[in-house]
Amino acid sequence: MTMPLKVASVAVFLQHFHGQPPDYAAALSAVCKNVPRRLTRFIQLNLIGAHQCVNRARGPLTRDCGVYLGSAKGNTEDAINLLRQVFQVREIPNPVTFINSSTNVASYYLAQTLKLHGRNLAIASSDFSFEAALELACLDVGDAAVPMGLVGAVDQSSDQRWVDSSAPADRGAPGALDLSVWLLIDPACPNPLAEIQWIRRANGLEEAQPWIDPAGERNLPGYLALGRGVLPGEKRLLGERCSSGWSTYSYAEDIPDVEVLAAYGIGRFILAGNPGRLLHIAGNGRGSFYGVCLTVPRSADDALPA
Amino acid sequence: VQGLGIVTCLGRGLKAQVAALREAKSEPGTVPCGDSGSFQFHSVGDGGGAECFHRRIEQVVEDALADADLSRSEIAGMGIFIGTSSVDLYLRELEFIRRMNGAAAAREMQWEIGEVASFIAAKFGIRGPQFTFTTACSSSANAMIYAARMLRASRIPRALVIGTEHFNRVSLHGFESMMLLSKTSMRPFDERRDGVVLGEGTGALVLGAQDTSGGGLPNAFFRGAATMTDPTGITCSSAECTAQVMAEALREADISADRITAIKAHGVGTPAGDRSEGQGLRLLYSGAMPPVTSFKPSIGHTLGACAVLETVAFLGCVQERFIPPTPGFEQADPAIGCEPLRRAKEVAAGYFLLNHFGFGGSNTALVFSTQP
Chain A
1 MTMPLKVASV AVFLQHFHGQ PPDYAAALSA VCKNVPRRLT RFIQLNLIGA HQCVNRARGP
61 LTRDCGVYLG SAKGNTEDAI NLLRQVFQVR EIPNPVTFIN SSTNVASYYL AQTLKLHGRN
121 LAIASSDFSF EAALELACLD VGDAAVPMGL VGAVDQSSDQ RWVDSSAPAD RGAPGALDLS
181 VWLLIDPACP NPLAEIQWIR RANGLEEAQP WIDPAGERNL PGYLALGRGV LPGEKRLLGE
241 RCSSGWSTYS YAEDIPDVEV LAAYGIGRFI LAGNPGRLLH IAGNGRGSFY GVCLTVPRSA
301 DDALPA
Chain B
1001 VQGLGIVTCL GRGLKAQVAA LREAKSEPGT VPCGDSGSFQ FHSVGDGGGA ECFHRRIEQV
1061 VEDALADADL SRSEIAGMGI FIGTSSVDLY LRELEFIRRM NGAAAAREMQ WEIGEVASFI
1121 AAKFGIRGPQ FTFTTACSSS ANAMIYAARM LRASRIPRAL VIGTEHFNRV SLHGFESMML
1181 LSKTSMRPFD ERRDGVVLGE GTGALVLGAQ DTSGGGLPNA FFRGAATMTD PTGITCSSAE
1241 CTAQVMAEAL READISADRI TAIKAHGVGT PAGDRSEGQG LRLLYSGAMP PVTSFKPSIG
1301 HTLGACAVLE TVAFLGCVQE RFIPPTPGFE QADPAIGCEP LRRAKEVAAG YFLLNHFGFG
1361 GSNTALVFST QP
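For the record, the sequence lines run as chains A and B.
Under my numbering, the first residue of the first sequence carries the number 1, and numbering increases by one thereafter.
Under my numbering, the first residue of the second sequence carries the number 1001, and numbering increases by one thereafter.
Source of the hints: derived by calculation from the structure; they are not laboratory data.
Certain hints may be false.
To be verified - Here are a few chain A residues that face chain B, going by a calculated C-beta distance under 10 Å:
| hint | residue |
| --- | --- |
| 1 | His18 |
| 2 | Leu83 |
| 3 | Ser102 |
| 4 | Leu116 |
| 5 | Asn120 |
| 6 | Ser126 |
| 7 | Glu234 |
| 8 | Arg236 |
| 9 | Gly287 |
Ideal Cβ positions, reconstructed from N, Cα and C, are used throughout, including at glycine.
Please model the entire structure based on the sequences and the hints provided.
Encoded structure:
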């Protein structure tokens, strides 16, 4: 696949909440002109992040723009509601809830509201769900199989009580987080916010270590981000390869852990608009790693508020 | 296609599928479903329980890897591409019932869609990338499409593609709530069609860029494919969009529609679904249409697994030089203009078009050939 690829726009929608999850209807109406009816929270989350991203892009989307939704857990809230309807309430499920529970229905509504006819995928890969979606998008855009790609990372906090809904809700307990991060990859963008240089996968630390050039980046400041799933010992060994040419980029100290956290870190880095080269490495705690390398050019004048 | 494994209601292994399809077998059983009584269902019949869920997938993958005759290091380098609609919803149902009955949690349920891929990777020592596609009934078609893309881009040396769907009550009642379940029997494209009969099964394909020792389907080659969205039809696409995805697959395979030898339709058996697909085929073929067939009356609608299961079975029949008929089809629907085969038809070499459509406007078409 042809790299690098230009990132034309980014949006990070994050909601850290206590108690009942927030109602996203107003936030969605603010970014989407024609909001479809009967949307549930997971779909709203998708639409808010994606429409923010598209609204910030300077050019229009093409009809064949691909949609690549990475989600480790999908629409858990509607799935749990279906279980309750069928087994606890013992009634036929609501057909809308049934349809909405499929992860790709969220990306369907995105296609509907943006009038997209191209590829539309819902992809999961446990700890690497965002990276997997990004890899397939880069593959398609890099090979010109699609003219541009909208890549998302969306996961929601859900009620884990499962059965007894009269028990105190742990949804919204400290640590509850809804996250919707979207990137628009557009090779034709004249003033990209960033360029994705490469995306790689490694089995074992010895394969991941060469990703870090000890000399750092010659023209741009280098930033190393070690994301979730990189064990302390692995962090130490990876850090040892960094010379003075690298700085550490940390982003997840004050927010709860979610599988698609890498998207948050990468999205925030791009939105900050500081010229530099970011190498983001995430692990799964079992010796596999995904690396994403991108640059924010000095000429970027498109920095947006985070 | 270097190796394969399959289990459906027709049995385990390719021979069982081909033999039953040659006979146009269509014998759904019934499953009890709480207060709702019982439903028709094409069951694998290998027992229930949590162990059965993993054992079935494990056996099919074992069959595929043995068929491909791969070394341990070759297996380790594979990428995993899974297509499934309900993922492990069956296990969640079992756990929900346990907790509802007051039992302590059997295990922490993580709600991770990628859990099945992680299980396969750990069980067989596969260390390549893992992708789980959940695009409803086109899920395993998209798994095949992206496995082929990753192979062509040399991102992986080999791909293990799995389509799997396990019985679960939520899906059954979900289709009931949408009034999509047949009250009689499945009759794709028939004027009297009234819905689907669901089924379950698991299929696995080993895909590679090179010819190997002759396992799998030595005369089956993935030629091209398309995956597109109809943003106007959440449960059923328009005829124009179904025609468009077929045309796009043919364009990618670099062949014209008149060179297609036979078509395996999605053939879901619902009034709207078959009308859309049939009219889409008619847009593609204004004149004579190649022979069309649907396997769902025999295997059931296996949702996210249907693309892998039906592709394996179809290519197995082609290898035996015949296209099976569509059980239950008797009366043509003048509103469609598409009549599937009533009797098996002999075929030789050629190109074959295979359609799979899903909720969420997800449309796919695959082109296979018998020549490289």
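Checked hints:
1. His18: violated, 21 Å
2. Leu83: holds, 5 Å
3. Ser102: holds, 5 Å
4. Leu116: holds, 6 Å
5. Asn120: Cβ of Asn120 (chain A) sits 4 Å from chain B, so the hint holds.
6. Ser126: OK, holds: Ser126 (chain A) within 10 Å of chain B, min 4 Å.
7. Glu234: violated, 16 Å
8. Arg236: violated, 23 Å
9. Gly287: holds, 8 Å
Checked against the numbered hints above, the structure violates hints 1, 7, 8; every other hint is satisfied.
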